[in-house]
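Student: Listed below, chain by chain, are the residues.
Number of protein chains: 2
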Amino acid sequence: MKKYYIGADIGGTTVKMGLYSEEAGWVEKWEIPTRTEKSGAYILPDVADTIAQTCAGHGISMADVAGIGVGVPGPVLRNGTVNGCVNLGWGVVNVADVLGGLTNLPVYVANDANIAALGEQWKGAGSAYQSVVLLTLGTGVGGGVILDGRIVTGVVGGAGEVGHMPVFDHSEGACNCGKDNCLELAGSATGVLRDAKRRLAESDAPSAMRGIENLTAKDVCDCCAAGDTLAQACIRRTTDALGTAIASIGCVLNPEAFLFGGGMAAAGELLLEPIRKVYREKVFPPLRDTPVLRATLGNEAGITGGVRLVQVSQEK
Amino acid sequence: MKKYYIGADIGGTTVKMGLYSEEAGWVEKWEIPTRTEKSGAYILPDVADTIAQTCAGHGISMADVAGIGVGVPGPVLRNGTVNGCVNLGWGVVNVADVLGGLTNLPVYVANDANIAALGEQWKGAGSAYQSVVLLTLGTGVGGGVILDGRIVTGVVGGAGEVGHMPVFDHSEGACNCGKDNCLELAGSATGVLRDAKRRLAESDAPSAMRGIENLTAKDVCDCCAAGDTLAQACIRRTTDALGTAIASIGCVLNPEAFLFGGGMAAAGELLLEPIRKVYREKVFPPLRDTPVLRATLGNEAGITGGVRLVQVSQEK
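So the protein sequences, as listed, match chains X and E. Anchor point for the first sequence: position 129 equals 180 in our numbering, and the numbering is continuous, going up by one each time. Anchor point for the second sequence: position 225 equals 276 in our numbering, and the numbering is continuous, going up by one each time.
These are computed hints drawn from the structure, not numbers from a lab. We treat Cβ as the ideally placed atom computed from N, Cα and C, and that holds for glycine. Accuracy of the hints is not assured; some may be wrong.
[As the list claims (entries may be wrong)] Partial list, derived from the structure: chain E residues whose beta carbon lies under 10 angstroms from chain X:
hint, residue
1, Glu223
2, Ala225
3, Cys228
4, Pro336
5, Gln362
6, Ser364
[Unchecked claim] Listing some non-contacts, in silico: residues in chain E with all C-beta distances to chain X over 10 angstroms:
hint, residue
7, Thr64
8, Ser72
9, Gly108
10, Ala114
11, Gly140
12, Asn155
13, Gly200
14, Gly229
15, Asp255
16, Ala256
17, Gly278
18, Asn305
19, Glu307
20, Glu324
21, Glu332
The shape of chain X in the complex, shown without the other chains (with noise of 0.2 angstroms):
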C-alpha cells in the first residue's frame, strides 16, 4: 500500500510542493524558484531532484510514493501533454512523461486553476460538495470545473477558461486572448486596474483613489469599501460581469457551488455579496440557491490538488 502523494504547482517564479501522507496529512511543504532559462529545461529535473531530497529527509522510500500530481501555468491535454508554457518557456512538454521518467513514479498533470479547483473541492470550500467551479482572480481570470470529484479537461485542454467567457456586448479594450469582450476584462485585478484609471481620466469628479500613488486593484476595493462613488462603480462593473458568468455557467452544469478565489477575492463580500445578487437575478430561477463562496486554500490550492488528482487518478 502506496501511503505518501507529492503536489507539485509550477508557476513562473516559484514551484509549491507538499508532501502529504494519507495517515498523517501534510508532512512537509516547500518550494523551490522555477529555473525558466534555458527553455525550462531545469524545471521538471529540479522538481524530480527536490522530491528525491524531501523524501529521503523524511526517511521515506520512493516506493511508498503513489504518485505526483502537477499543476501548470497552461492548457494540458489529457495525456498529460502541455501545449505550450509562456511563463515558463516551455513549448509543446509531456510533462507526465518527462518527470516520470526522471521519478519512476506516475505523474498526473493538469492546468493549474484546473487543480486547484480540485483542491478547493477536495480540502477547501468546496469540501462538502462533489460538483463545483472555481473562478481565481488575479493578474488573470482563470477557472476550474470540477464534476463528480473530477476535472474537467476539455478537448483541448480548454474547460474552466472562464476568463474568456464574453460577458460585454461591446469592446473593453484588448485581452490578451485578442479578443475585447472577456469576463477577464472587468473581473481581474488588471481589469479593475485598467478600468478605474480610465474613470479617473475621463471624469472631474472626486475620488479618494486620485490621491493614492501606484495605485492598485486593492486600493480600488478599499475605497469602494469606504464609499467612493467612482470606486464603487468599478466595482460594479466586475461583480455584475462575474454574477453573469455564473449564472450562465450555471444554466449549462447547475454545480453544487461556485468558489472564488486569487488575490482578489480577498476582498471577501465586497465582491461575494453583489456577485450573489446578480447571479440569482440572472440564473434560471430554479438554481437561485447555489452557494457563492470564497475558496480557502489560498496558495495551496495547488499542492492540495496535486495530492487529489493521484488519488482520483489511480481510483480505478
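Add chain E to chain X, keeping to what the hints say.
Tutor: Frame of chain X, contents of chain E only:
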C-alpha cells in the same frame, strides 16, 4: 445476456417508443397518446402496457430486455425523481420507481433534451465524439451536455438549461421562467416570431412578411433567405444570441462539438453559418475550430438516447 432495450420519450401529446436489439438495431418504433388527465396518472401504466404488448408481439421475453430509458419534459434528479412536469400534469413522481414497479425492468430517467443529446452523441451528428453540447431550438430552447458519453445532470437537474442563459444585458420581454434576458427569447421559434411581429409593428419598412397570414418562424427564416431586410435583422438577432451562448459554453466546457436540433434547426445553414461566425469571434481563440453541426436524428433522438441511457447506466 440481455439483448433488447426500450427507449421512451414522453411528450405532452404523444409518447414515442422504440424497441432496440443489440444485434439488429430498431425492432419497432411506435407511439401512443399521452393521457394527461387525472394528473397524468395513466401515462406510466400506458407505457408499461404498450411495452409488454409490443415485446409479446415480437415474441420477445421481458427477461431479455435490459431496461427502459425514459425522457421526460422536466428536470430530473439523479435518483429518477421528476420534480414536476407541467405538460404531463405531474407533480413529484419517481418515474424509475413507478415504471420499474409496473414492468419489473430497470428504468433510467433523464430530461428530454438531455436524453436527446445522448442520442445524438451516440448515433447522430455527434457519433464521432464523446463530449458534445446539444441545443434544441423549438417552442423554447432546450439543451443537453454530454461529457465522456454521459449526461451531465446538475445538482437539481438544471444542467443543460441553456435556454435560460442570460445573453442580454437589457430586457427582451418576459420569458416563461420569469426572467427577461434569456437565450430562449431570441433562439426559439416563439422568440423569433415575437421579434418579427414587434419589428413589423414598430416600422413601416417594406417586408415580404407583411403579406403572410399566420406568420410562423419558418416564414421568417424563408423571408430571410429570400433577402428580406427585416427578416434578416430578426435572424441576425437569433444567431448573435446563439453564437454568443455557445462561445460562453465553449470557454467553460470545451466540448468536441456543438449540435443544433429542434424544429428551427431545419433552417440549416441559414442559421448555422452565422452562428459559427459569431462563435469564432467570441470564443477563447484556441477553441475556434470546434465543429458546429446540425443534429440528425430529429424526433428519434429521444428514444435513441433512451436506449443508450440504459447501456451507459449498466456499464459498471
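Student: Compare the structure with each hint and give your call.
Tutor: Status of each hint after checking the structure:
no.	hint	in the structure
1	Glu223	violated (13 angstroms)
2	Ala225	violated (13 angstroms)
3	Cys228	holds (6 angstroms)
4	Pro336	holds (5 angstroms)
5	Gln362	violated (19 angstroms)
6	Ser364	violated (15 angstroms)
7	Thr64	holds (25 angstroms)
8	Ser72	holds (30 angstroms)
9	Gly108	holds (40 angstroms)
10	Ala114	holds (31 angstroms)
11	Gly140	holds (19 angstroms)
12	Asn155	holds (30 angstroms)
13	Gly200	holds (13 angstroms)
14	Gly229	violated (5 angstroms)
15	Asp255	holds (28 angstroms)
16	Ala256	holds (24 angstroms)
17	Gly278	holds (26 angstroms)
18	Asn305	violated (3 angstroms)
19	Glu307	violated (5 angstroms)
20	Glu324	holds (19 angstroms)
21	Glu332	violated (8 angstroms)
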